[in-house]
Amino acid sequence: MCDQTFLAIVFGPCDKCFKEKPLRPVYIKSEQLSYCSLCVEMMATEGLHENETLASLKNEAESLKGKLEEERAKLHDVELHQVAERVEALGQFVMKTRRTLKGHGNKVLCMDWCKDKRRIVSSSQDGKVIVWDSFTTNKEHAVTMPCTWVMACAYAPSGCAIACGGLDNKCSVYPLTFDKNENMAAKKKSVAMHTNYLSACSFTNSDMQILTASGDGTCALWDVESGQLLQSFHGHGADVLCLDLAPSETGNTFVSGGCDKKAMVWDMRSGQCIQSFETHDSDINSVRYYPSGDAFASGSDDATCRLYDLRADREVAIYSKESIIFGASSVDFSLSGRLLFAGYNDYTINVWDVLKGSRVSILFGHENRVSTLRVSPDGTAFCSGSWDHTLRV
Amino acid sequence: RQMEKMIVSMQDPDMGIKMRNQRLLITVIPHAMTGNDIVEWLIQKYGISEEESLHLGNLIVKHGYIYPLRDPRNLVLRADESPYRFQTPYFWTSTKWPATELDYAIYLAKKNIRKQGDLIEHEKDNYNLLHKRINHTWDFVVMQAREQLRAAKQRRKGDRIVIDCQEQAYWLVNRPPPGAPSVLEQGPERRNSHTTRVQLTKNMDYYKREIEYCRKAMARTRVKSSICLEGYIKFNEQYVPHDPIMSGCLPSNPWITDDTTYWAMNAPTVPTPTKLRVERWGFNFSELLMDPLGRAQLLEFLKKEFSAENLSFWEACEELRYGEQSRIDEIVDSIYQQFLAPGATRWVNIDSKTMERTLEGIKTPHRYVMDDAQMHIYMLMKKDSYPRFLKSDLYKNLLAEAIIPPETKKQRVFPFMRKQRHSSPSPALL
Numbered sequence: 001m002c003d004q005t006f007l008a009i010v011f012g013p014c015d016k017c018f019k020e021k022p023l024r025p026v027y028i029k030s031e032q033l034s035y036c037s038l039c040v041e042m043m044a045t046e047g048l049h050e051n052e053t054l055a056s057l058k059n060e061a062e063s064l065k066g067k068l069e070e071e072r073a074k075l076h077d078v079e080l081h082q083v084a085e086r087v088e089a090l091g092q093f094v095m096k097t098r099r100t101l102k103g104h105g106n107k108v109l110c111m112d113w114c115k116d117k118r119r120i121v122s123s124s125q126d127g128k129v130i131v132w133d134s135f136t137t138n139k140e141h142a143v144t145m146p147c148t149w150v151m152a153c154a155y156a157p158s159g160c161a162i163a164c165g166g167l168d169n170k171c172s173v174y175p176l177t178f179d180k181n182e183n184m185a186a187k188k189k190s191v192a193m194h195t196n197y198l199s200a201c202s203f204t205n206s207d208m209q210i211l212t213a214s215g216d217g218t219c220a221l222w223d224v225e226s227g228q229l230l231q232s233f234h235g236h237g238a239d240v241l242c243l244d245l246a247p248s249e250t251g252n253t254f255v256s257g258g259c260d261k262k263a264m265v266w267d268m269r270s271g272q273c274i275q276s277f278e279t280h281d282s283d284i285n286s287v288r289y290y291p292s293g294d295a296f297a298s299g300s301d302d303a304t305c306r307l308y309d310l311r312a313d314r315e316v317a318i319y320s321k322e323s324i325i326f327g328a329s330s331v332d333f334s335l336s337g338r339l340l341f342a343g344y345n346d347y348t349i350n351v352w353d354v355l356k357g358s359r360v361s362i363l364f365g366h367e368n369r370v371s372t373l374r375v376s377p378d379g380t381a382f383c384s385g386s387w388d389h390t391l392r393v
Numbered sequence: 001r002q003m004e005k006m007i008v009s010m011q012d013p014d015m016g017i018k019m020r021n022q023r024l025l026i027t028v029i030p031h032a033m034t035g036n037d038i039v040e041w042l043i044q045k046y047g048i049s050e051e052e053s054l055h056l057g058n059l060i061v062k063h064g065y066i067y068p069l070r071d072p073r074n075l076v077l078r079a080d081e082s083p084y085r086f087q088t089p090y091f092w093t094s095t096k097w098p099a100t101e102l103d104y105a106i107y108l109a110k111k112n113i114r115k116q117g118d119l120i121e122h123e124k125d126n127y128n129l130l131h132k133r134i135n136h137t138w139d140f141v142v143m144q145a146r147e148q149l150r151a152a153k154q155r156r157k158g159d160r161i162v163i164d165c166q167e168q169a170y171w172l173v174n175r176p177p178p179g180a181p182s183v184l185e186q187g188p189e190r191r192n193s194h195t196t197r198v199q200l201t202k203n204m205d206y207y208k209r210e211i212e213y214c215r216k217a218m219a220r221t222r223v224k225s226s227i228c229l230e231g232y233i234k235f236n237e238q239y240v241p242h243d244p245i246m247s248g249c250l251p252s253n254p255w256i257t258d259d260t261t262y263w264a265m266n267a268p269t270v271p272t273p274t275k276l277r278v279e280r281w282g283f284n285f286s287e288l289l290m291d292p293l294g295r296a297q298l299l300e301f302l303k304k305e306f307s308a309e310n311l312s313f314w315e316a317c318e319e320l321r322y323g324e325q326s327r328i329d330e331i332v333d334s335i336y337q338q339f340l341a342p343g344a345t346r347w348v349n350i351d352s353k354t355m356e357r358t359l360e361g362i363k364t365p366h367r368y369v370m371d372d373a374q375m376h377i378y379m380l381m382k383k384d385s386y387p388r389f390l391k392s393d394l395y396k397n398l399l400a401e402a403i404i405p406p407e408t409k410k411q412r413v414f415p416f417m418r419k420q421r422h423s424s425p426s427p428a429l430l
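Protein sequences, first through last, are from chains A and B.
171 is the number that UniProt numbering gives to position 171 of the first sequence; each next residue is one higher, with no gaps.
259 is the number that UniProt numbering gives to position 259 of the second sequence; each next residue is one higher, with no gaps.
Hints in this document: simulated from the structure, not taken from any laboratory.
We put the CB at the ideal spot given by N, CA and C, even for glycine.
Do not take every clue at face value.
Stated by the list, open to error - In silico lysine-lysine, BS3-like type, Cα no more than 25 Å apart, as pairs: (1) B:K208 with A:K67; (2) B:K304 with A:K74; (3) B:K224 with A:K58; (4) A:K58 with A:K356; (5) A:K189 with A:K115; (6) A:K67 with B:K224; (7) A:K65 with A:K96.
Unchecked claim - Across the chosen pairs, the derived CB separations fall in these ranges: (8) A:P247 with B:N349: 37 to 43 Å; (9) B:K216 with A:A55: 34 to 40 Å; (10) B:R346 with A:N106: 40 to 46 Å.
Said to hold, decoys possible - To give a feel for the contact side, a few chain A residues facing chain B, derived at Cβ under 7 Å: (11) K58; (12) A61; (13) K65; (14) L80; (15) G227; (16) D267; (17) R269; (18) S270; (19) Q272; (20) S336; (21) I362.
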């Protein structure tokens with residue numbers, strides 16, 4: 001008690017509770033404050049309390065996650081390939097490249113089909129976005145973006161506009177005009193603004209709305225006319241690399257995959273995450289809905305593709321093979337959903353039987369990574385774009 | 001990385017590739033193997049075809065994990081007797097040992113000194129460039145190169161060749177000649193990708209969110225797996241005949257035969273639709289609605305039943321949902337005037353609760369204000385009008401009149417699927 005007698009007892013309002021009491025100096029974050037003794041007591045225990053809460057929260061979260069897994073597993077009574085046994089096996093598969101589209105000066109990063117089943121828009125590292133009539137292999141339009149690495153492009157449902165974006169952090173919409181004299185770049189409309197690169201974009205059911213995914217970890221829904229942000233979706237812990245809209249009747253949800261190994265399903269109206277799946281071992285490069293809208297597939301850098309069912313709320317199938325060691329960059333389903341086409345970083349495309357889980361065929365032909373792959377709207381063919389500067393149908 | 005796992009298993013003495021002493025010119029190189037061996041081993045281990053195994057082997061070589069001894073300038077796997085060797089782990093790309101300018105300069109200088117004029121075109125260019133750039137350390141470079149050569153001379157010829165080839169392969173991977181794609185190229189830097197992940201500050205908020213999410217998720221209704229999976233099978237059965245890749249398409253797949261008749265026949269507005277198309281309308285309501293021709297037919301049918309305003313209302317609501325932000329007020333108002341106001345010309349029949357809610361919502365119009373009403377009408381059409389449509393004479397006539405386009409008989413038309421049973425495009429003429 002000796003030292004206390006040397007302390008000058010100051011009387012005054014406490015910095016915390018503002019009551020008139022004898023005060024004691026307290027150092028918080030190298031700042032000196034004066035608290036009354038009651039507050040000092042409280043603060044000392046509260047500090048501890050905070051740390052305790054953090055640890056206990058962590059434990060609670062972990063245990064809840066475990067319980068969730070258990071719940072999910074309870075209803076899992078049968079595996080997909082067991083159910084698929086009675087489906088007849090697929091015969092030998094022969095698919096050839098029917099068209100090769102050359103013209104990009106650098107790696108092709110993304111492509112999309114038009115609803116007329118023939119036209120394609122593709123974007124590349126050199127900043128060029130080209131619209132082709134893939135049936136005749138003619139180029140119809142070409143736009144040069146001011147940035148390199150245009151990683152996302154999309155065709156509007158009406159076929160009158162295209163959207164693209166990349167390292168410039170925004171999504172621009174270009175109306176397509178057939179007037180040769182008009183400069184397309186002049187009509188560009190800048191729609192989305194993110195704080196990091198744009199990784200994917202897609203029109204919703206109309207020309208007026210665009211959904212974008214970005215390296216800053218968020219997805220966002222924009223109104224094209226005004227450039228207004230309609231809804232933003234937060235929740236990913238790292239860059240979002242891909243997204244896909246649900247083909248369901250009500251059309252209110254979409255799924256996104258990111259570098260945090262999670263695939264999340266969102267409600268477009270409320271901005272909430274409805275479901276989340278975290279079974280991949282590495283970044284998810286591509287997600288695509290099953291044609292019926294009840295499930296989706298994802299392709300990732302861990303060289304596997306997985307099928308997740310939305311109603312059962314779990315992963316139902318894994319498509320992988322020991323000899324595939326390169327990541328899958330892009331996936332898409334055939335019209336009936338029986339086949340899953342996946343483009344890999346080892347320059348090949350693997351075709352999987354969705355129901356049986358086995359590989360049906362492997363397609364060669366590209367001379368560098370396959371970066372993007374889409375099935376045409378009527379299911380007659382699929383197009384793959386690659387870092388070897390070409391697209392193949 | 002997974003490639004390394006494969007390499008390690010390749011080198012496994014028991015299961016790995018048999019390595020023998022190979023003859024290269026005069027000297028004997030230990031621990032080498034032939035290209036053929038590599039391909040064989042890959043086929044055996046992974047059960048893949050020869051083409052794939054060759055491709056995979058090629059990639060391994062390109063990434064510098066195996067290098068050829070005979071033709072060290074070309075990083076290519078040849079499935080023959082040409083000898084190959086495993087690259088030492090020191091040189092593996094995944095060690096991310098920065099291939100610095102200095103090292104490259106030393107390497108080029110060595111080559112230059114050993115055999116004047118041995119440098120290839122691009123290497124000469126690089127050499128000159130480097131000389132200009134790091135002129136100040138040039139003496140150091142030359143000295144290092146000389147030392148290394150001297151040390152190498154003291155080794156056996158076999159080792160020397162091996163080391164040379166190793167180095168050459170390493171530099172080929174790290175400094176590819178112009179025009180050849182570099183395997184080390186990656187896409188743009190991904191922030192927070194899992195290799196360079198910045199650990200999220202796992203603070204209280206993060207965990208609170210996680211907990212809340214888990215709680216909500218636990219409360220979800222889940223469906224048994226068996227039911228979901230059955231759903232896939234059913235979907236598949238229904239749709240496979242309509243999948244051009246699986247079952248071919250009539251008259252022919254335009255991409256194969258360069259004949260666009262298929263597209264012409266299935267265009268959005270055709271006088272007579274194909275049979276497959278009309279069948280598809282019977283699968284579920286959204287198929288009918290999404291097809292413009294189907295929707296038109298539905299409208300005709302509804303007119304006969306005096307409930308056409310339902311479809312128009314639904315279409316107007318869709319326009320609201322996906323339309324421009326600036327026009328929302330306008331559209332909401334027009335919907336109200338046309339469909340919801342008492343005494344409106346095309347009044348739709350919604351239950352009173354929904355009507356109340358919607359009218360309330362109209363006071364503060366937003367994009368989704370009509371959703372409840374729209375859903376109600378949609379369900380009404382789906383459960384009531386749609387089944388009647390399918391049983392109606394209108395639909396039956398459509399089915400009867402729908403055409404099955406004939407196959408175009410063209411030489412050598414290969415279907416995608418070689419099935420023993422029926423296949424729509426004509427089989428190959430042998």
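We went through each hint and held it up to the structure:
At roughly 16 Å between alpha-carbon atoms, B:K208 and A:K67 fall within 25 Å of each other, so this suggested pair holds. The hinted pair formed by B:K304 and A:K74 fails the criterion: a straight-line CA distance of about 50 Å is larger than 25 Å. Restraint check for B:K224 and A:K58: the C-alpha separation of about 30 Å exceeds 25 Å, so the hint is violated. Among the hinted pairs, A:K58 with A:K356 is inconsistent with the structure: their alpha-carbon atoms are about 39 Å apart, more than 25 Å.
Between the alpha carbons of A:K189 and A:K115 the distance comes to roughly 22 Å, so the proposed pair stays at or under 25 Å and holds. Only pairs whose Cα atoms come within 25 Å are accepted, and A:K67 paired with B:K224 is accepted, the gap being roughly 17 Å. Between the alpha carbons of A:K65 and A:K96 the distance comes to roughly 46 Å, so the proposed pair goes past 25 Å and is violated. Under the hint 37 to 43 Å, the C-beta atoms of A:P247 and B:N349, about 29 Å apart, miss the expected range.
At about 23 Å, the CB distance of B:K216 to A:A55 disagrees with the hint of 34 to 40 Å. Taking the beta carbon of each, B:R346 and A:N106 are about 55 Å apart, not inside 40 to 46 Å as hinted. A hinted interface residue such as A:K58 counts as satisfied when its beta carbon comes closer than 7 Å to some beta carbon of chain B; here the least separation is about 6 Å, so the hint holds. With 7 Å as the threshold, the beta carbon of A:A61 comes within range of chain B, its nearest partner Cβ sitting at about 4 Å, so the hint holds.
Using the Cβ-Cβ criterion of 7 Å, the hint placing A:K65 at the interface with chain B is satisfied: the shortest such distance is roughly 6 Å. At about 5 Å, the closest approach between the beta carbon of A:L80 and any beta carbon in chain B falls short of 7 Å, and the interface hint on this residue holds. Given the 7 Å rule on beta carbons, the hint for A:G227 is violated: about 9 Å separates it from the nearest Cβ of chain B. Interface hint status for A:D267: violated, as the beta-carbon distance to the closest one in chain B is roughly 11 Å, over 7 Å.
For A:R269, the interface hint holds, since its Cβ comes within 7 Å of a Cβ in chain B; the closest pair sits about 5 Å apart. With its C-beta approaching chain B no nearer than about 10 Å, A:S270 sits outside the 7 Å limit, and its interface hint is violated. This hint is violated: A:Q272 has a C-beta 9 Å from the nearest C-beta of chain B, more than the 7 Å allowed. Checking A:S336 against chain B by beta carbon gives a least distance of about 4 Å; that is within 7 Å, so the hint holds.
With a least beta-carbon distance of about 6 Å to chain B, the hint placing A:I362 at the interface is held under the 7 Å criterion.
In summary, the structure is inconsistent with hints 2, 3, 4, 7, 8, 9, 10, 15, 16, 18, 19 from the numbered list given earlier, while agreeing with the others.
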